[in-house]
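One line per chain: the protein sequences are B and G, in this order. Each residue of the first sequence is one higher than the one before, counting from 51 in our numbering. Each residue of the second sequence is one higher than the one before, counting from 51 in our numbering.
It is worth saying that the hints were derived from the structure and are not from the lab. As the structure is a prediction and not an experimental result, all values here were calculated from the model. Any given hint could turn out to be false.
Simulated crosslink set (SDA-like; lysine to any residue; CA at most 20 angstroms straight-line) [stated by the list, open to error]:
id	chain 1	residue 1	chain 2	residue 2
1	G	K83	B	G118
2	G	K199	B	R183
3	B	K106	G	R183
4	G	K83	B	K106
5	G	K130	G	Y179
6	G	K199	B	N148
7	B	K199	G	K199
8	B	K106	G	N113
9	G	K83	B	Y84
10	B	K83	G	G118
11	B	K199	G	K52
12	G	K52	B	K83
13	G	K106	B	A115
There are 2 protein chains.
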Amino acid sequence: MKAVVLLSGGLDSTTAAAMARREKWELYGLTVKYGQVHSAELAAARRVASALGFVKHVEMDVNLAAFGGSSLVGTSEIPKDRALDDASIPSTYVPARNTVFLSLALGWAEVVGAERIVIGVNALDYSGYPDCRPEYIAAFEYLASLATKAGVEGRPLRVYAPLLQLSKAGIIRLGIELGVDYALTHSCYDPRPDGGPCGHCDSCRLRARGFEEAGVPDPLTA
Amino acid sequence: MKAVVLLSGGLDSTTAAAMARREKWELYGLTVKYGQVHSAELAAARRVASALGFVKHVEMDVNLAAFGGSSLVGTSEIPKDRALDDASIPSTYVPARNTVFLSLALGWAEVVGAERIVIGVNALDYSGYPDCRPEYIAAFEYLASLATKAGVEGRPLRVYAPLLQLSKAGIIRLGIELGVDYALTHSCYDPRPDGGPCGHCDSCRLRARGFEEAGVPDPLTA
Numbered sequence: 051m052k053a054v055v056l057l058s059g060g061l062d063s064t065t066a067a068a069m070a071r072r073e074k075w076e077l078y079g080l081t082v083k084y085g086q087v088h089s090a091e092l093a094a095a096r097r098v099a100s101a102l103g104f105v106k107h108v109e110m111d112v113n114l115a116a117f118g119g120s121s122l123v124g125t126s127e128i129p130k131d132r133a134l135d136d137a138s139i140p141s142t143y144v145p146a147r148n149t150v151f152l153s154l155a156l157g158w159a160e161v162v163g164a165e166r167i168v169i170g171v172n173a174l175d176y177s178g179y180p181d182c183r184p185e186y187i188a189a190f191e192y193l194a195s196l197a198t199k200a201g202v203e204g205r206p207l208r209v210y211a212p213l214l215q216l217s218k219a220g221i222i223r224l225g226i227e228l229g230v231d232y233a234l235t236h237s238c239y240d241p242r243p244d245g246g247p248c249g250h251c252d253s254c255r256l257r258a259r260g261f262e263e264a265g266v267p268d269p270l271t272a
Numbered sequence: 051m052k053a054v055v056l057l058s059g060g061l062d063s064t065t066a067a068a069m070a071r072r073e074k075w076e077l078y079g080l081t082v083k084y085g086q087v088h089s090a091e092l093a094a095a096r097r098v099a100s101a102l103g104f105v106k107h108v109e110m111d112v113n114l115a116a117f118g119g120s121s122l123v124g125t126s127e128i129p130k131d132r133a134l135d136d137a138s139i140p141s142t143y144v145p146a147r148n149t150v151f152l153s154l155a156l157g158w159a160e161v162v163g164a165e166r167i168v169i170g171v172n173a174l175d176y177s178g179y180p181d182c183r184p185e186y187i188a189a190f191e192y193l194a195s196l197a198t199k200a201g202v203e204g205r206p207l208r209v210y211a212p213l214l215q216l217s218k219a220g221i222i223r224l225g226i227e228l229g230v231d232y233a234l235t236h237s238c239y240d241p242r243p244d245g246g247p248c249g250h251c252d253s254c255r256l257r258a259r260g261f262e263e264a265g266v267p268d269p270l271t272a
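When you get a sec, could you build the whole thing from the sequences and use the hints?
This is the structure we're talking about:
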């Protein structure tokens, strides 16, 4: 079976990809370059695609910065040292990002005949992001069943989101069992000039807390 | 009220935009450049956006050709003189195209606070395209209600698809009542070197039949 993997090069998408690989699926990686201010994420995606033996890896530019609206696409400051239990939607939220990513993956899945889209969303990542919830994923699968030739012909596509119900620590423990090398990955929203993690953005802090709770050192900061 | 208009520069999206303008909405036009082999469509979109007084017009590159799979993105020959009542899905079908377009429009709608996305899909255009059906549009609205900050906060976005149930002739009659200048538009999948319509692709033939049934001359070929 073939699967299109949405791969950012972060901890979550890398672990989701490792789980898909354990299923022996042929992996087609899609990295969407949506206007990030840095390229460290892209370099990490390439390392992971190579390490996990992807059949193909496509990097696609989609300039979401043309719409504005998120600090992740360079229109405002990345928030630092924000309370991790803050339930409001943070400025790093990119409008409709997962919908755009899943739609592109759907197009490629249809072309190559893939029956799965792999995405590393999880409940913790939610922290205010509406498009990281189980009911959202289910709604996308329903849309996909109506949207495509494959769906119309009775070959519905499934979204494989194996991290949906896991904590960050749970994801890391799982990844380590699967042999994931987290030194390959990148999580920071606002890396230092040398490419290293800032340590203060939401993503760095969720990652640090995850490794701490998992009781293992993060190879990126150890 | 604000509306994001998916504008290809063709007959349908132009008529849908004219209907949105009659509603006195502020129009934000989005033209997705998804790997068409020609730029005549883009030039038409610019003319229409200007003629209809759009507040803003964004042209966004999304290289769907990286996935292959459609004669519209340059991977095979455009079919000519195909039977118009052929119910099979034609090679001009671009996988997940409308899903990608609607997702991008959703992102922009969220940023500018638009409550409508305008799309010129219609039942006749369907001719085998799964993502041009009423149940598909309804599924996208449901997804949008779960996908976005606006949806979560109780400001659901609606997809305005006013041509859904109209024939091509009905669309043309309606557009003429609204004062649409169809000389500005472009429909051909495979234009001649001078930019003129080929007259033989599905799109040219559906357009010609529409004008004929509407009993008016097409300014592009008259």
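Item to check | List of violated hint numbers, smallest to largest | outcome: Numbers 3, 4, 7, 11 and 12, in rising order.
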